[in-house]
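**Student:** Each chain, written out:
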Amino acid sequence: MSEVKFSKEHEWITLEGDVATIGITKHATEMLGDIVFAELPEKGSNVEKDGTAGVVESTKAASDVYTPVSGEVVDTNQSIVDDPAKINEDPEGGAWFFKLKIKDTSELDNLMNKEEYDKFAKETSS
Amino acid sequence: MEIKKTSLNKLHQSNNAKFVEFAGYEMPIQYSKGIIEEHKFTRSNSGIFDVSHMGQLFIYGDESLTEELEKIFPLDLKNLKQNCSKYSFLMNEDAGIYDDLIITKIEEGYLIILNAACKDKDYDILSNLLGSKFKMNLDNNRSLIAIQGPKSVEILNSIINGVDQLNFMTGNWFDSDNQKLFVTRSGYTGEDGFEISISNDKAEKFVENLIEKGAQLIGLGARDTLRLEAGLCLYGHELDINKTPVEANLKWAISKSRLSNGGFIGSKKIMNQMQDGASQIRVGIKPEGRLIAREKTKIFNDTDKQIGEITSGTFGPSVNGPIAMGYVDKEFSKINTKILLEVRGKRHPANVCALPFYKKNYVKGVN
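These protein sequence lines are chains R and A, in that order.
End of the first sequence sits at 126 in the numbering used here; the numbers just go up one at a time, nothing left out.
End of the second sequence sits at 1367 in the numbering used here; the numbers just go up one at a time, nothing left out.
Okay, chain A solo, but in the shape it has when bound (with noise of 0.2 Å):
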């Protein structure tokens, strides 16, 4: 199959991206400066990101898609007011993870961005349980600009005019360029930033202009130390159709209104584990050191029985250390408890840590 191209591929050329394959898409991983100053300028001052692989399905719908939807989702969308995002999952039956989301109420219904591997799938799923009652649009046509970091609301504003306004987790649509674009306030980097639905044939012109006004692109190496460092999970990494929400410590997003009825899919397992706790868990790691524990890594305990596995390990440049997350039998799982990791045939001291390791910098309460 040929590899896929967003509409901002020649812009990245043209700033010497190094480039990947990510979900059958020629992503940049980094450009010229390379991952630590890409990361470091996204915490200090604007990076842009090209998330246009990710998915943007649009369903539209009035009352009945809500009820629709909270058989789905474990959200309490009927309470979600029009232009407000949610973090979300598609589970199976026994909760584990199709893929991870966000879904903003818009007026038409709603759009929920998908990642990039999971969207065609996820797509199908949705399709089969909505049935063709409600129309929905898996849209190509629009590319995804994420702009991010303390600089970024300055920046944005002086073209989008009004986003200042916007919350955190929420969106709407503005006019610029003759255009109507999606933008909401959200990202995946822990920092303050937006994210932006764009038409394909305006999008190369609309990031040029991001740059004139001094952001700079930023590649997916430098998306990963990011949202690693603020806690945040990635699909194929800390989550995967083989572990629940409640096992990803990702309680916190769903619904508490939902959890006395349960009603959505995947329902009955996550009232068991919330009950009766998971087995394992999502923990953040420390390692002592500079050592690196990449995914896979094992864990032990000091009584060398295997208690866990890394799923994403890095170095982290504003924590200026190595971090880690990983799962870890759940009497393992208290922040301070001190673990082994084995790397390279040797065992490293490392301990479970509260998350996130950066703070987050979320803007809340503009108005």
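Extracted from the complex, chain R is given alone in its bound form (with noise of 0.2 Å):
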């Protein structure tokens, strides 16, 4: 599997031959406080880079999921949507979001590693 990436939605991503996994990352969640809803997009369906696919609510708010690939659905995680307080509990394991069939993997080289997101997400939370 590749290194993880990360967006400026905060959403994390990785690769494994030319199928995407994407989630949100502890830091979202964080942010987010109790998730109490997930949509996910519809299996089969495309969706582009940069563009919603997915909300997830909060207690207090909804927010919308991105995507940060274009790509088609191949698969979701039904078990979020039946029980979202996982996403709190394990958001870059167990709780990913949706699995994308990607067509374009250089999509994935402006993403940030680790590092720079880290770095990212304490500079925009303060």
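It cannot be assumed that every hint is accurate.
Claimed, not checked - Some chain R residues flagged as far from chain A (calculated, every beta-carbon gap over 12 Å):
hint, residue
1, Gly44
2, Thr52
3, Tyr66
4, Lys122
Unchecked claim - Not everything, but these chain R residues come out facing chain A in the computed CB check (under 10 Å):
hint, residue
5, Asp34
6, Val36
7, Phe37
8, Ala38
9, Ala61
10, Ala62
11, Asn77
12, Val81
13, Asp82
14, Pro84
15, Asn88
Honestly, the hints are just simulated from the structure, not real lab data.
These numbers were taken from a predicted model, which means no experiment stands behind them.
Glycine included, C-beta positions come from ideal geometry on N, C-alpha and C.
From the two separate chains plus the hints, produce the assembled complex.
**Tutor:** Here it is in structure tokens:
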């Protein structure tokens, strides 16, 4: 599996072959608070880089989930729809959101690595 | 304008509060455990809420004050016993609500608890109506602390002996730590609990004492989910100047004896609406599934007609599902009516339901 990369919209992405797994970062869940609702893209649909691909809602507010790369949705994580609290518990592991079959792996090039993202998250949240 | 802080601000900070601005005050929305944990702790144990931003208006006077206040509030104040509280409203001539409030008869006159965002305007309205005949004091030297939840009575009674003898919606002065506290058995969570009016310089130590006895600080986030589960209105959401108490389904708060003769501001409109019914009414709404419908969500019927709007919507931690309140046209206000909620461009099924979502646990008839 590839190195984990991060977007400015607080998504993480890993790549295995041409299938990317995407979720939201721990930092994002800490900003959101208790997550109580998740909506995922439909399997078989196509999503565009930086477009919305889902929604999470905390007790306080709704937030869009964006996709950092384009592709076809090949799998979604129903377990976080059934139990959204999982997203707070294991955001960068078991609580992934969706998997995309991607065409253009170069779309990952401009994303941040862990160190860059941690710095970015720290700067933008203070 | 500089943001105002309550006397507990430092204590909030040291308890890792996340702050928001609310009605010009820096207030804690949550602490480190988060809204759901704080909500559940209040329902099972004892939560402390800093509500010092709310107005504590003392009006001093005798029977002549009671007479004047009866011209303003739809209450039978002449028969209200000393130390008893009532929920009421300050209204305009069209029965539009300026504020909702709790009024308590005290020995010296009345104590009225007002919403933070409305308190200064309320003061102006009331002082215009009452003239200079009665001394009024919107007391900024006192903090207001609420303690809510089943363990609250035991915890508070260990500090202020005798509060366990208060009935729901009554209060009294108590002596503690060389000062006079006014304690009422009331609150806005649906749980048994108390509100304590205490001088600012003693508030922090008092709350630290409550924490030592096992209560925990709870933020405004959980206060909102708690009151919504209890079916209670929040000013600026369910209530505003364009809503009347009848539309808000708060007829119970209007004293029956005042409905026959009126004589209070807004009475004409209220009496008309009591007779003919209001065209829109506040209801409870339960979305199907897990969908959350927030404030301003449009409500439709199955023939594409907009029939209302959500005024508050969130996830209810004790209900373990989404809950909402809103206004719908009268003909759709019956319990179990199927309605549709438009969220992010799609319409989702929901049902009109009975309030509260969570059964209230008020303590009545202690003595």
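**Student:** Holds or violated: is the Cβ of valine 81 of chain R closer than 10 Å to a Cβ in chain A?
**Tutor:** holds, 8 Å
**Student:** Verify this label for me: lysine 122 of chain R is non-interface relative to chain A, using a Cβ-Cβ cutoff of 12 Å.
**Tutor:** holds, 17 Å
**Student:** Holds or violated: is there a CB of chain A closer than 10 Å to the CB of aspartate 82 of chain R?
**Tutor:** At 9 Å from the nearest chain A Cβ, aspartate 82 of chain R passes the 10 Å test, so the hint holds.
**Student:** When the nearest CB of chain A is found for alanine 62 of chain R, is that gap smaller than 10 Å?
**Tutor:** holds, 7 Å
**Student:** Regarding the assertion that glycine 44 of chain R does not contact chain A, is the least Cβ-Cβ distance greater than 12 Å?
**Tutor:** holds, 18 Å
**Student:** Are asparagine 88 of chain R and chain A close enough, Cβ to Cβ, to be under 10 Å, as the hint says?
**Tutor:** holds, 8 Å
**Student:** Are valine 36 of chain R and chain A close enough, Cβ to Cβ, to be under 10 Å, as the hint says?
**Tutor:** holds, 4 Å
**Student:** Does alanine 38 of chain R hold up as a contact with chain A if the rule is Cβ-Cβ below 10 Å?
**Tutor:** holds, 8 Å
**Student:** Given phenylalanine 37 of chain R as an interface hint, is the shortest Cβ-Cβ distance to chain A below 10 Å?
**Tutor:** holds, 5 Å
**Student:** Against chain A, does tyrosine 66 of chain R keep a CB gap of more than 12 Å to every residue?
**Tutor:** Since the minimum Cβ distance to chain A is about 14 Å, tyrosine 66 of chain R lies beyond 12 Å and the statement holds.
**Student:** Next item in the hint list is asparagine 77 of chain R. Is there a CB on chain A closer than 10 Å to its CB?
**Tutor:** With Cβ-Cβ at 15 Å, over 10 Å, it is violated.
**Student:** Answer holds if the nearest beta-carbon of chain A is closer than 10 Å to that of alanine 61 of chain R; otherwise answer violated.
**Tutor:** Nearest chain A Cβ about 8 Å off; hint holds.
Of the hints listed earlier, those the structure fails to meet are numbers 2 and 11, in rising order.
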